[in-house]
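Trainee: Please put together the full structure from these sequences, using the hints given.
Protein chains: 2
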Amino acid sequence: MATWSAPGKVFLFGEHAVVYGKPGVAMAIKPRVFVTVRKSRSPTRPKSPYIDECFKRMGVRGSVYVNSQLQSSSGLGSSAAVTVATLSAINDEFGIGRTRDEIAEIAFTIEKKVQNGRASPTDTYVCANGGMVLITGTSKRRLPPQSLQLVVGNTLVPHSTAKMVELVGTLQRKHPDIADPILDAIGAVTLAALHNINNPKVLGQCMDTNNALLEALGVGHPASSKLVLAARASGAYGAKITGAGGGGCIIALCPRRAKSRVAGAIEACEGKAIITTIDTDGARKEKHD
Amino acid sequence: MATWSAPGKVFLFGEHAVVYGKPGVAMAIKPRVFVTVRKSRSPTRPKSPYIDECFKRMGVRGSVYVNSQLQSSSGLGSSAAVTVATLSAINDEFGIGRTRDEIAEIAFTIEKKVQNGRASPTDTYVCANGGMVLITGTSKRRLPPQSLQLVVGNTLVPHSTAKMVELVGTLQRKHPDIADPILDAIGAVTLAALHNINNPKVLGQCMDTNNALLEALGVGHPASSKLVLAARASGAYGAKITGAGGGGCIIALCPRRAKSRVAGAIEACEGKAIITTIDTDGARKEKHD
Chain A
32 MATWSAPGKV FLFGEHAVVY GKPGVAMAIK PRVFVTVRKS RSPTRPKSPY IDECFKRMGV
92 RGSVYVNSQL QSSSGLGSSA AVTVATLSAI NDEFGIGRTR DEIAEIAFTI EKKVQNGRAS
152 PTDTYVCANG GMVLITGTSK RRLPPQSLQL VVGNTLVPHS TAKMVELVGT LQRKHPDIAD
212 PILDAIGAVT LAALHNINNP KVLGQCMDTN NALLEALGVG HPASSKLVLA ARASGAYGAK
272 ITGAGGGGCI IALCPRRAKS RVAGAIEACE GKAIITTIDT DGARKEKHD
Chain B
32 MATWSAPGKV FLFGEHAVVY GKPGVAMAIK PRVFVTVRKS RSPTRPKSPY IDECFKRMGV
92 RGSVYVNSQL QSSSGLGSSA AVTVATLSAI NDEFGIGRTR DEIAEIAFTI EKKVQNGRAS
152 PTDTYVCANG GMVLITGTSK RRLPPQSLQL VVGNTLVPHS TAKMVELVGT LQRKHPDIAD
212 PILDAIGAVT LAALHNINNP KVLGQCMDTN NALLEALGVG HPASSKLVLA ARASGAYGAK
272 ITGAGGGGCI IALCPRRAKS RVAGAIEACE GKAIITTIDT DGARKEKHD
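In order, the protein sequence lines correspond to chains A and B.
In case it helps, this note's numbering puts the first sequence at residues 32 to 320.
In case it helps, this note's numbering puts the second sequence at residues 32 to 320.
Just so you know, these hints were derived from the structure itself, not from any lab.
One or more of the hints may lead you astray.
Copies of the same chain are indistinguishable here, so a pair counts whether it falls within one copy or spans any two.
In silico DSS-like cross-links for lysine-lysine, where the CA-CA straight-line distance does not exceed 27 Å [said to hold, decoys possible]:
no., residue 1, residue 2
1, Lys61, Lys290
2, Lys232, Lys205
3, Lys232, Lys194
4, Lys303, Lys61
5, Lys144, Lys318
6, Lys232, Lys143
7, Lys70, Lys171
8, Lys144, Lys87
9, Lys318, Lys290
10, Lys78, Lys316
11, Lys70, Lys316
12, Lys143, Lys316
13, Lys318, Lys78
14, Lys171, Lys290
15, Lys205, Lys194
Mentor: Here you go:
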């Protein structure tokens with residue numbers, strides 16, 4: 032029996048714009064997804080196309096137990112975390128010998144298959160490796176980890192990443208005169224943020240600007256706007272949608288002692304708050320009996 | 032004794048971006064400012080630098096009575112309306128014979144002087160001529176008037192146009208990589224809006240996009256964000272900051288029968304609502320005894 036875990040992820044900057052070759056910054060966050068795999072002749076496992084595909088790709092059969100602290104479909108990379116943790120646990124339990132990079136790669140092909148061709152290699156890379164990552168085009172560069180004090184606010188409004196990516200794509204095709212400069216501005220904000228990574232005040236302003244640009248792209252939602260305003264009003268340095276938008280989650284960068292207050296403000300606005308910070312570990316072995 | 036009136040104005044699209052040569056659309060709105068001027072040997076008049084300057088420029092002395100339904104410093108062009116109406120009434124009472132265009136021009140030089148060099152020729156032009164106007168650089172073109180159903184929401188948060196124009200100027204100098212594409216996108220949204228002037232749904236979306244881009248420029252304010260969200264949630268096609276931002280007013284484009292509801296939602300969020308529409312008249316003679 033092998034138990035592995037993998038962290039969730041947020042986009043600090045640049046979601047949607049990364050699809051168009053602009054830079055973006057993603058970060059692994061607590062909480063984690065835990066997956067236990069056991070060799071078994073009569074496999075029992077949760078009905079998940081991701082997990083089915085993991086066993087198929089690794090060419091083995093077994094039982095699985097999943098313990099996730101990450102709400103699915105909230106834009107926190109839960110499917111990537113489940114896939115990476117499952118592959119890691121299978122790899123360990125059956126002594127298959129894949130490297131971490133290989134597992135991230137296989138996880139991406141699985142996400143792509145299950146999500147009908149639409150998947151971000153960012154999610155699986157960040158879940159597998161942990162820490163902060165700068166994405167530009169197909170290249171990924173690990174950044175020095177920063178101890179950012181974050182509060183995630185889940186609007187609990189279901190959203191579809193594929194639909195939001197399509198919506199921005201439609202705007203870009205129909206109105207490149209509107210969409211292209213917005214995507215350029217998002218790229219510039221991401222770079223400005225990287226230059227101010229140690230200055231939470233400026234970093235917060237960059238998040239606010241990025242949020243407005245995401246709303247200009249059309250991926251805002253009344254519920255996320257409400258949580259963003261509540262977070263700012265209760266002391267956050269800045270707040271923005273994280274992930275595809277159209278519902279889903281927001282993140283707020285907070286002074287350490289304002290985190291509880293910001294979380295409370297989010298909960299008062301019908302959101303679900305998670306106080307969190309960077310997870311520098313990626314996929315990690317929890318135990319092996 | 033001569034009584035003249037002049038309308039207020041809103042920016043439908045493109046405020047701030049017009050300063051950088053992008054197109055913008057402004058519109059005269061009800062309510063109006065009424066100014067009565069009377070020849071008098073012992074002039075009594077309100078202590079207003081605008082009105083003082085009007086008499087000086089026209090080279091006469093007289094008494095003035097102002098009845099304004101426009102809150103001053105709210106971004107609805109009240110100083111331009113007072114100046115245009117005062118000049119028009121002086122012109123009439125003393126038989127000076129200036130044309131409407133000349134009055135708009137003099138009013139602009141007065142605004143520029145009183146506001147220490149910072150004034151928009153848009154405000155005085157729209158107040159003098161009424162209707163809808165497309166501004167590009169120094170050129171102004173009257174557009175066919177549209178019967179747009181608007182609700183103005185005043186945040187009652189005092190703001191300074193000069194300060195907001197300066198703030199955008201600072202961003203543009205320090206971060207042209209961020210500001211320039213945002214200004215380009217605002218220009219493109221204004222043109223898209225003009226192509227859809229008869230389609231209130233699309234026009235509303237353009238207003239939403241324009242609002243997000245204004246927030247990205249840094250001229251948003253929690254109070255205006257709240258009114259914008261309230262207007263949208265209560266049935267507006269779209270809503271945005273109008274004018275310089277950082278407080279001041281918002282406008283919401285509404286279905287005719289949703290106007291009261293939108294106004295109520297704005298008032299419920301501590302804003303002051305004005306249900307209004309285009310004023311196709313500019314400076315207008317009210318009576319002459």
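Trainee: Hints first: check each against the structure and report whether it holds.
Mentor: Taking the hints in turn, this is what the structure says about them:
1. Lys61 with Lys290: within (15 Å within a copy, 46 Å between copies)
2. Lys232 with Lys205: between (36 Å within a copy, 17 Å between copies)
3. Lys232 with Lys194: So lysine 232 and lysine 194 pass the 27 Å test across copies only (21 Å; inside, 33 Å).
4. Lys303 with Lys61: Result: close within a single copy only, 15 Å intra versus 44 Å inter.
5. Lys144 with Lys318: Close neither inside one copy (30 Å) nor across copies (76 Å); limit 27 Å.
6. Lys232 with Lys143: This pair counts as neither: shortest intra-copy Cα distance 37 Å, inter-copy 36 Å.
7. Lys70 with Lys171: neither (34 Å within a copy, 77 Å between copies)
8. Lys144 with Lys87: Within. Shortest intra-copy distance 12 Å satisfies the 27 Å Cα cut-off; inter-copy 77 Å does not.
9. Lys318 with Lys290: The answer is neither: 32 Å in one copy and 63 Å across copies each exceed 27 Å.
10. Lys78 with Lys316: Answer is within; shortest intra-copy Cα gap is 23 Å, inter-copy 77 Å.
11. Lys70 with Lys316: within (17 Å within a copy, 92 Å between copies)
12. Lys143 with Lys316: within (25 Å within a copy, 70 Å between copies)
13. Lys318 with Lys78: For lysine 318 and lysine 78, the Cα distance is within 27 Å only inside one copy (24 Å; across copies 81 Å).
14. Lys171 with Lys290: neither (30 Å within a copy, 50 Å between copies)
15. Lys205 with Lys194: This pair counts as within: shortest intra-copy Cα distance 16 Å, inter-copy 36 Å.
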